[in-house]
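Using the sequences and the hints, build the whole thing.
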Amino acid sequence: QGHSSDGIYHYSDSDNSLKTFLIERKANPTHHFVIGNDAGDADSIISAISLAYIESMHYGDQMTPIVSVSKDDFTYERPDVNLLLQLAGIDDPPAILLFIDDMKEMLGNDTEEGSPSRSVSLVDHNTLNKSLRHFNENLIVVEIVDHHKDEKQYKKTCEHRNIAFDNGHALVASTTTLVAERLQEYHPTPYPSSIGILLLGVILLDSVNLDESVGKVTQRDEDAVRDLLLHTDWSTAMPSSYLKYEDNGDITVDTNGLFKKLQQSKYDPKFWSSLSVERALRYDYKDFHSHGFLVHALKKQGRHKTNFGIASILMPGLDFMNADGFYDSTLAFMESVQIPFLGIMFAFYDEQEVFHRQLAFISFDQTVSLRELVGTLRTSHAYKSVDLQLEEVHLPAELRKRKNVCLFDQNNLSPSRKQIGPMLEDF
Numbered sequence: 111q112g113h114s115s116d117g118i119y120h121y122s123d124s125d126n127s128l129k130t131f132l133i134e135r136k137a138n139p140t141h142h143f144v145i146g147n148d149a150g151d152a153d154s155i156i157s158a159i160s161l162a163y164i165e166s167m168h169y170g171d172q173m174t175p176i177v178s179v180s181k182d183d184f185t186y187e188r189p190d191v192n193l194l195l196q197l198a199g200i201d202d203p204p205a206i207l208l209f210i211d212d213m214k215e216m217l218g219n220d221t222e223e224g225s226p227s228r229s230v231s232l233v234d235h236n237t238l239n240k241s242l243r244h245f246n247e248n249l250i251v252v253e254i255v256d257h258h259k260d261e262k263q264y265k266k267t268c269e270h271r272n273i274a275f276d277n278g279h280a281l282v283a284s285t286t287t288l289v290a291e292r293l294q295e296y297h298p299t300p301y302p303s304s305i306g307i308l309l310l311g312v313i314l315l316d317s318v319n320l321d322e323s324v325g326k327v328t329q330r331d332e333d334a335v336r337d338l339l340l341h342t343d344w345s346t347a348m349p350s351s352y353l354k355y356e357d358n359g360d361i362t363v364d365t366n367g368l369f370k371k372l373q374q375s376k377y378d379p380k381f382w383s384s385l386s387v388e389r390a391l392r393y394d395y396k397d398f399h400s401h402g403f404l405v406h407a408l409k410k411q412g413r414h415k416t417n418f419g420i421a422s423i424l425m426p427g428l429d430f431m432n433a434d435g436f437y438d439s440t441l442a443f444m445e446s447v448q449i450p451f452l453g454i455m456f457a458f459y460d461e462q463e464v465f466h467r468q469l470a471f472i473s474f475d476q477t478v479s480l481r482e483l484v485g486t487l488r489t490s491h492a493y494k495s496v497d498l499q500l501e502e503v504h505l506p507a508e509l510r511k512r513k514n515v516c517l518f519d520q521n522n523l524s525p526s527r528k529q530i531g532p533m534l535e536d537f
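Using my numbering, you'd call the opening residue of the sequence shown number 111 and step up by one each time.
Certain hints may be false.
Straight-line Cα separation of at most 30 Å, BS3-like style, residue types lysine-lysine; simulated pairs [what the hints assert, rightly or not]:
#, residue 1, residue 2
1, Lys494, Lys513
2, Lys528, Lys265
3, Lys181, Lys494
4, Lys181, Lys214
If you are wondering where the hints come from, they were derived from the structure by calculation, not from laboratory data.
What follows is the structure, encoded as structure tokens:
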């Protein structure tokens, strides 16, 4: 009942169904890929896996999920995702998933053999990853499920566009919320616990446990969590400490316990301090393109590139910036990705479990005064629409003498990279 000799996967109410589906897709990849953004965080990876499964069940049109980072990065640098997949019964995720390098190899073979184009669904982004643009002619974007600013690409080929972003704000905290809405629409109840735990875990992570004070959660996230808790068959779930019995004897999930465990694995100080500066910057990095004042500032540096980047790092800014070789390694990273300007967003919990955000800026040109640039930014219309409430942090003496590095506390916790990236693009 899981799959048949025709390679087509059929719905099964056995909760091995997701694992069976992934094994089948690895053995027999199809001509329709589903892939997240190249930062490859939990939202991107789990959205790709879940949407491919749900839509394959619904349409019978087999879709192949792709993990958008290398197998090595996934294995050693995605502890929260590995934990979630194990809770979903995927005990050795690297062995049964397909990764970005596998996809590139398939596309390369297509080119050599003159094979027809493949379809692709984009989740958690709406423009093909930079590393895949070499294969533009081999890929036809037919679907987008996302919560970032719409870059208005693929209008001719992409009939299905679900982009939950409007007026400068994401309308959901997580792409997995949109996938959970698709599950509700397409899949009979009860839902398999494997899919239920994956979607529930990432929505809790991305909404910070539905905490309204952080400013990310929306009604749609809350509705999705409620529906998953109510309509998932938790009796078939992998045994874990996150399952609990309700008064009527039904099994449900201890969402606080699940969130805390995932959060601990995601923000683990030992994990973050074990990464080199360059590896940490690459961990969750995204490219942006400047349209306004920043373009002129970059051109004054004699840099013809008008793109810049924002890295997200889950530890205190001073701890990261005090690392050996921080300055030289950061400039080396900027050179490798060919950007003249880098923002680093820091997010972390202090000892009292209070959430903090910080924002650092670094210019490749050592003669540029970033304090002046940030001063101009803070008086701009683009900034006022987001108002980060920045307050400068005193850097160690070695960095303080440099004009091209600065660090700020971000006292308005609500804006994330989804707002800060477009704000800097428009500045």
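Going through the hints against the structure:
1. Lys494 with Lys513: Holds, at about 24 Å.
2. Lys528 with Lys265: 22 Å, holds
3. Lys181 with Lys494: Violated, because 41 Å separates the two Cα atoms, which is more than 30 Å.
4. Lys181 with Lys214: Status holds; Cα separation ~13 Å.
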